[in-house]
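Visitor: As a plain string of letters, each chain reads:
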Amino acid sequence: MQTQRYESLLLTIPEITNDEAAEIERALEKKLQENSSKLVTYDRWGKFLLAYPVKSNEYGIYFLARFDIPVDKNNEVVKELKSLFNLKFNATIMRYLISNIPNDSPAVYKRPQSLDETPKDVDQFLKENKMSGFAPKRSFGGQESAPKEEVLEADKQEMPGE
Amino acid sequence: MVKKIKLRMNDRLIKKRARRASFSARKQCRFTENPELVGEIDYKNVDFLKQFLTERGKILAARISGTNCCYQRMLSREIKKARALALLPYSHS
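Keeping their order, the protein sequence lines are chains F and Y.
What the first sequence shows, in our numbering, is residues 234 to 395, in sequence order.
What the second sequence shows, in our numbering, is residues -6 to 86, in sequence order.
Chain F with its partners taken away, still in its complex shape (with noise of 0.2 Å):
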């Protein structure tokens, strides 16, 4: 038979459980399965910043679904998950895109980096990418910085003059 590839986007509230992520992940392949398609991939992108506030949340969290449907069902079964995410999980999915990608298309796809996997603590980030910070220990010209005691000296010995 022949199938169609699908993904669908869902924007769930920060407050999400891994439960409720596991629910609705069931709740999907539970609907799939009925209607004779399959559930391909299931990522959890994580948390992010959104652009603007949604249902007053600042923050939501990312899930990516893929899956293949049969060709003569599809607008059935895409009705049912719109149906499923509107009625369903009315409360957990604030905003949801279900869109049709070619078969053949990759499984690696690009994606906004998440809150989570952006470093929070400095001196882990600059120890993970072997960074020395923004003080530089050393002049551009790779010598040691001698020539400021040098300098200090100089002012040292004009001080009586004055």
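Derived by calculation from the structure, the hints in this document are not laboratory data.
It should be emphasised that the depicted structure is a prediction, and the values quoted were computed from it without experimental measurement.
Even for Gly, the Cβ is constructed at its ideal location relative to N, Cα and C.
Incorrect hints may appear among the rest.
Unchecked claim - Heads up, incomplete: computed chain F residues facing chain Y, CB under 8 Å, no partners named: (1) Tyr285; (2) Val287; (3) Ala340; (4) Val341; (5) Lys343.
Unchecked claim - Only pairs whose alpha carbons sit at most 30 Å apart, straight line, appear in this in silico DSSO-like list of lysine-lysine: (6) F:Lys363 with F:Lys306; (7) F:Lys321 with Y:Lys74; (8) F:Lys315 with F:Lys288; (9) F:Lys264 with F:Lys306; (10) Y:Lys8 with Y:Lys(-3); (11) Y:Lys20 with F:Lys288; (12) Y:Lys37 with F:Lys263; (13) F:Lys271 with Y:Lys73; (14) F:Lys343 with F:Lys288; (15) F:Lys280 with Y:Lys73; (16) F:Lys306 with Y:Lys74; (17) Y:Lys37 with Y:Lys20; (18) F:Lys343 with Y:Lys74; (19) F:Lys288 with Y:Lys73; (20) F:Lys306 with Y:Lys37; (21) F:Lys321 with Y:Lys73; (22) F:Lys288 with Y:Lys37; (23) Y:Lys8 with F:Lys343; (24) F:Lys315 with Y:Lys73; (25) F:Lys315 with F:Lys271; (26) F:Lys280 with F:Lys264.
What the hints assert, rightly or not - FRET-style restraints, in silico, Cβ to Cβ: (27) Y:Glu48 with F:Pro303: 37 to 47 Å; (28) F:Ser338 with Y:Glu26: 22 to 32 Å; (29) F:Lys280 with Y:Glu48: 17 to 27 Å; (30) F:Thr250 with Y:Glu48: 33 to 43 Å; (31) F:Asn319 with Y:Glu48: 50 to 60 Å.
With chain F held as given, fit chain Y onto it using these hints.
Guide: Only chain Y this time, still in chain F's reference frame:
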């Protein structure tokens, strides 16, 4: 007294041509030059789409970015998808 001389048609055309020739070379479309980039146009690839937005979050005109018509349509469609999902802003206030 300075007389204002009205340029004849022929002279005006010469002036117009000279002005056009003085402009820099025409902007070229990034996607026609490099067709591999077309795969990057996706509503999930927010960092790439941000190159085609102004500071206020508006979609950059094809006249300015030099993008071809068909790719501009693809871009604007994906940007609008990303806006609906709060990945990109409608406008920065």
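Visitor: Now, for every hint given, state plainly whether the structure supports it.
Guide: Status of each hint after checking the structure:
1. Tyr285: Holds. Min distance 6 Å.
2. Val287: It holds, given that the least Cβ distance between Val287 (chain F) and chain Y is near 5 Å, below 8 Å.
3. Ala340: Violated, about 13 Å.
4. Val341: violated, 11 Å
5. Lys343: holds, 4 Å
6. F:Lys363 with F:Lys306: The given pair, whose Cα atoms are some 54 Å apart, is violated under the 30 Å limit.
7. F:Lys321 with Y:Lys74: holds, 24 Å
8. F:Lys315 with F:Lys288: Holds: Lys315 (chain F) and Lys288 (chain F) sit about 19 Å apart, inside 30 Å.
9. F:Lys264 with F:Lys306: Within the cut-off at roughly 13 Å; holds.
10. Y:Lys8 with Y:Lys(-3): holds, 17 Å
11. Y:Lys20 with F:Lys288: violated, 42 Å
12. Y:Lys37 with F:Lys263: holds, 26 Å
13. F:Lys271 with Y:Lys73: holds, 28 Å
14. F:Lys343 with F:Lys288: holds, 27 Å
15. F:Lys280 with Y:Lys73: Holds, at roughly 21 Å.
16. F:Lys306 with Y:Lys74: This hinted pair holds, its Cα atoms lying about 24 Å apart.
17. Y:Lys37 with Y:Lys20: holds, 27 Å
18. F:Lys343 with Y:Lys74: The given pair, whose Cα atoms are some 16 Å apart, holds under the 30 Å limit.
19. F:Lys288 with Y:Lys73: The given pair, whose Cα atoms are some 19 Å apart, holds under the 30 Å limit.
20. F:Lys306 with Y:Lys37: Holds. Lys306 (chain F) to Lys37 (chain Y) sits at ~26 Å (cutoff 30 Å).
21. F:Lys321 with Y:Lys73: Satisfied, since the Cα-Cα distance of roughly 26 Å is no more than 30 Å.
22. F:Lys288 with Y:Lys37: OK: Lys288 (chain F) and Lys37 (chain Y) at ~21 Å, within 30 Å.
23. Y:Lys8 with F:Lys343: violated, 50 Å
24. F:Lys315 with Y:Lys73: holds, 20 Å
25. F:Lys315 with F:Lys271: This hinted pair holds, its Cα atoms lying about 17 Å apart.
26. F:Lys280 with F:Lys264: holds, 26 Å
27. Y:Glu48 with F:Pro303: 37 to 47 Å: holds, 46 Å
28. F:Ser338 with Y:Glu26: 22 to 32 Å: Given a distance of about 24 Å, which is inside 22 to 32 Å, the answer is holds.
29. F:Lys280 with Y:Glu48: 17 to 27 Å: holds, 26 Å
30. F:Thr250 with Y:Glu48: 33 to 43 Å: holds, 38 Å
31. F:Asn319 with Y:Glu48: 50 to 60 Å: violated, 35 Å
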